[in-house]
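Got chain F; can you put chain R on it based on the hints?
Read off the chains here:
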Amino acid sequence: MGKVIVVTSGKGGVGKTTSSAALGAALAQNGDKVVVVDFDVGLRNLDLVMGAERRVVYDLVNVIQGEAKLTQALIRDKRVETLYLLPASQTRDKDNLTPEGVETVINTLKKAFDWVICDSPAGIERGATLAMRHADVAIVVTNPEVSSVRDSDRIIGLLDSKTLKAENGERMEKHLLLTRYDPARAERGDMLKVDDVLEILSIPLLGIIPESMDVLRASNLGAPVTLADGKCAPAVAYFNAARRLAGEELPVAVPGEKRSFFGKIFGRKAA
Amino acid sequence: MNLLRLFSRTPTAPSARERLQVLLAHERVAFGDSDLVSKLRDEILAVIARHVQIDGDKVTVKMERGAQMSTLAVDIEIPFDATKKKLDAAKNKKAA
Chain F
1 MGKVIVVTSG KGGVGKTTSS AALGAALAQN GDKVVVVDFD VGLRNLDLVM GAERRVVYDL
61 VNVIQGEAKL TQALIRDKRV ETLYLLPASQ TRDKDNLTPE GVETVINTLK KAFDWVICDS
121 PAGIERGATL AMRHADVAIV VTNPEVSSVR DSDRIIGLLD SKTLKAENGE RMEKHLLLTR
181 YDPARAERGD MLKVDDVLEI LSIPLLGIIP ESMDVLRASN LGAPVTLADG KCAPAVAYFN
241 AARRLAGEEL PVAVPGEKRS FFGKIFGRKA A
Chain R
1 MNLLRLFSRT PTAPSARERL QVLLAHERVA FGDSDLVSKL RDEILAVIAR HVQIDGDKVT
61 VKMERGAQMS TLAVDIEIPF DATKKKLDAA KNKKAA
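Chains as they are written, first to last, in my numbering: chain F, 1 to 271; chain R, 1 to 96.
Worth flagging that the hints you see were computed from the coordinates, not collected in a lab.
Just so we're clear, the structure is a prediction, and the values are computed from it rather than from any experiment.
Built from N, CA and C at the ideal position, the CB exists for glycine as well.
It is possible that part of the hints are untrue.
To be verified - Within a straight-line C-alpha distance of at most 30 Å, the following computed DSS-like cross-link-like pairs (lysine-lysine) qualify:
1. F/LYS3 x F/LYS111
2. F/LYS33 x R/LYS62
3. F/LYS110 x F/LYS11
4. F/LYS69 x F/LYS33
5. F/LYS3 x F/LYS33
6. F/LYS78 x R/LYS39
7. F/LYS94 x R/LYS58
8. F/LYS69 x F/LYS94
9. F/LYS78 x F/LYS111
10. F/LYS69 x F/LYS165
11. F/LYS33 x R/LYS58
12. R/LYS58 x F/LYS110
13. F/LYS94 x F/LYS33
14. F/LYS33 x F/LYS110
15. F/LYS94 x F/LYS11
16. R/LYS58 x F/LYS111
17. R/LYS39 x F/LYS231
18. R/LYS62 x F/LYS78
19. R/LYS62 x F/LYS3
20. R/LYS62 x F/LYS111
21. F/LYS3 x R/LYS39
22. F/LYS69 x F/LYS162
23. F/LYS94 x F/LYS111
24. R/LYS39 x F/LYS94
25. F/LYS165 x R/LYS62
26. F/LYS11 x R/LYS39
27. F/LYS165 x F/LYS3
Said to hold, decoys possible - Cβ pair distances, simulated, as ranges:
28. F/LYS111 x R/THR60: 35 to 43 Å
29. F/ARG79 x R/LYS58: 44 to 52 Å
30. R/LEU20 x F/LYS78: 18 to 26 Å
31. R/THR60 x F/GLU187: 29 to 37 Å
32. R/THR60 x F/ASP190: 51 to 59 Å
33. F/ASP153 x R/ILE48: 29 to 37 Å
34. F/GLY189 x R/ASP42: 19 to 27 Å
35. F/GLY13 x R/PHE80: 50 to 58 Å
Stated by the list, open to error - Some residues of chain R that are not near chain F, with every Cβ distance over 10 Å (derived):
36. LEU23
37. ILE44
38. VAL61
39. PHE80
Extracted from the complex, chain F is given alone in its bound form (with noise of 0.2 Å):
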């Protein structure tokens, strides 16, 4: 039985996709099965973060729906083959997402592969919520910076409250991924530190992904990071945090912190 991931933040913009497509891909390469479902409906763009999207056949809410069977819809990655992608619909309207369907397309999904990341919309409606509801381990994607803090204090409260384990007194796991950190910032006191944020969210750290220019290039070429180039500095943050979500205890360093004589010369300009 495999896996149940929920990639939230609450907020928008702060590297839900980036990461549900960097971790899936992540562990793909180290030979597990993934499949990478986006729940964003009516603005799908894990295809397009993938370079899937002239692929797509059909999507989540067409198996939902009964139009398209499960196998169907599903993507297989043309670089990865153990790297699947369910996506969302893009035109259809998310109340079309019904929870027994969902909970049928996990339960199918579960069956037959190591890893199902479910990448949640923005905010806490419907697609959100569902999104989360069948998870086992949750990672809440947050920035070093005040709203997304509080965003994401708001969705640990609701992995708590209305997700299938909380309602079944379970506890539910949480892992905190801080992205778009910049080493420089914190450094200088403008940004929050890492030590802050997980003081203020007490939960478990999972890794910190530099803020940096490498992403923004995957993105550009349709390529999850950890494949666009597997040596850049975010693609290593994101390889170790697959590692630990697989078990694996690893340390996590904190960029900038052990920063050369030349870093502490060009780190402010190289990103």
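Only chain R this time, still in chain F's reference frame:
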């Protein structure tokens, strides 16, 4: 090492621009509910379903949307007796 990688990079924005142009051209039409490829897909499947009982698991549909040309590939496994059964059913209906 890092500098080398920095210099060997090719710009990615042109690729982003091209991908968006193709995608949006298709999506704008789709909102008017006249996405030709999707329409063809549905009608082809409907026609075949009229003659043969199709097993949903035995159908693969692939689409690739391009700037100048799109492709649609419908791959259906038609079992030998599926056609017969359907014909028999039709005959029985007529008889009754």
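Hints, verified against the model:
At roughly 9 Å between alpha-carbon atoms, F/LYS3 and F/LYS111 fall within 30 Å of each other, so this suggested pair holds. Taking the CA atoms of F/LYS33 and R/LYS62, the gap is about 21 Å. The hint holds against a cut of 30 Å. Straight-line distance between C-alpha atoms of F/LYS110 and F/LYS11 comes to about 27 Å, which keeps the hinted pair within the 30 Å bound. Straight-line distance between C-alpha atoms of F/LYS69 and F/LYS33 comes to about 19 Å, which keeps the hinted pair within the 30 Å bound.
Taking the CA atoms of F/LYS3 and F/LYS33, the gap is near 11 Å; set against the 30 Å cutoff, the hint holds. A hinted pair counts as satisfied when its Cα atoms are at most 30 Å apart, and F/LYS78 with R/LYS39 qualifies at roughly 26 Å. The straight-line distance between the Cα atoms of F/LYS94 and R/LYS58 is roughly 29 Å, inside the 30 Å bound, and the hint therefore holds. Under the criterion of a C-alpha separation no larger than 30 Å, the hint pairing F/LYS69 with F/LYS94 is consistent with the structure, at around 19 Å.
About 23 Å separates the Cα atoms of F/LYS78 and F/LYS111, which keeps this hinted pair within 30 Å; it holds. At most 30 Å may separate the alpha-carbon atoms for a hinted pair to count; F/LYS69 and F/LYS165 meet this at roughly 28 Å. Taking the CA atoms of F/LYS33 and R/LYS58, the gap is about 22 Å. The hint holds against a cut of 30 Å. With a C-alpha separation of about 22 Å, the suggested pairing of R/LYS58 with F/LYS110 holds against the 30 Å cut-off.
For the hint pairing F/LYS94 with F/LYS33, the CA-to-CA distance comes to about 28 Å; that is within 30 Å, so the pair holds. Between F/LYS33 and F/LYS110 the CA atoms are separated by roughly 10 Å; this keeps the pair inside 30 Å, and the hint holds. Restraint check for F/LYS94 and F/LYS11: the C-alpha separation of about 18 Å stays at or below 30 Å, so the hint holds. Distance hint between R/LYS58 and F/LYS111 is fulfilled; the C-alpha atoms sit about 20 Å from each other, no more than 30 Å.
The hinted pair formed by R/LYS39 and F/LYS231 fails the criterion: a straight-line CA distance of about 43 Å is larger than 30 Å. A threshold of 30 Å between alpha carbons decides the hint, and for R/LYS62 with F/LYS78 the separation of about 13 Å falls inside it, so the pair holds. For the hint pairing R/LYS62 with F/LYS3, the CA-to-CA distance comes to about 28 Å; that is within 30 Å, so the pair holds. Note on R/LYS62 and F/LYS111: the hinted pairing holds, with a Cα-Cα distance of about 24 Å set against a maximum of 30 Å.
Simply put, F/LYS3 and R/LYS39 have alpha-carbon atoms about 36 Å apart, too far for the 30 Å limit, and the pair is violated. In summary, the hint linking F/LYS69 to F/LYS162 is supported, as the alpha carbons are separated by about 29 Å, within the 30 Å threshold. With a C-alpha separation of about 26 Å, the suggested pairing of F/LYS94 with F/LYS111 holds against the 30 Å cut-off. In summary, the hint linking R/LYS39 to F/LYS94 is supported, as the alpha carbons are separated by about 22 Å, within the 30 Å threshold.
A C-alpha spacing of about 37 Å is found between F/LYS165 and R/LYS62, which places the hinted pair above 30 Å, so the restraint is violated. At most 30 Å may separate the alpha-carbon atoms for a hinted pair to count; F/LYS11 and R/LYS39 exceed this at roughly 36 Å. Our distance criterion of 30 Å between C-alpha atoms is met by F/LYS165 and F/LYS3, whose separation comes to about 13 Å. Separated by about 21 Å at the C-beta atoms, F/LYS111 and R/THR60 break the suggested range of 35 to 43 Å.
Our hint of 44 to 52 Å for F/ARG79 and R/LYS58 is violated, since their Cβ atoms are close to 27 Å apart. A C-beta distance of roughly 19 Å is found between R/LEU20 and F/LYS78, which places it inside the suggested range of 18 to 26 Å. The beta-carbon spacing between R/THR60 and F/GLU187, approximately 53 Å, falls outside the hinted interval of 29 to 37 Å. For the pair R/THR60 and F/ASP190, the supplied restraint of 51 to 59 Å holds, since their beta-carbon distance comes to about 53 Å.
The hint said 29 to 37 Å for the Cβ distance between F/ASP153 and R/ILE48, and at roughly 53 Å that hint is violated. Between F/GLY189 and R/ASP42 the Cβ separation comes to about 59 Å, which falls outside the hinted range of 19 to 27 Å. Taking 50 to 58 Å as the suggested C-beta distance range, the pair F/GLY13 and R/PHE80 conforms, at roughly 55 Å. A beta-carbon of chain F is positioned within 10 Å of the beta-carbon of R/LEU23; the least distance is around 5 Å.
For R/ILE44, the condition that its CB be more than 10 Å from all CB atoms of chain F holds, with the nearest at approximately 13 Å. Remark: the non-interface label on R/VAL61 conflicts with the geometry, its nearest Cβ contact in chain F lying 5 Å away (cut-off 10 Å). R/PHE80, annotated as away from the interface, keeps every beta carbon of chain F farther than 10 Å; the closest lies near 22 Å.
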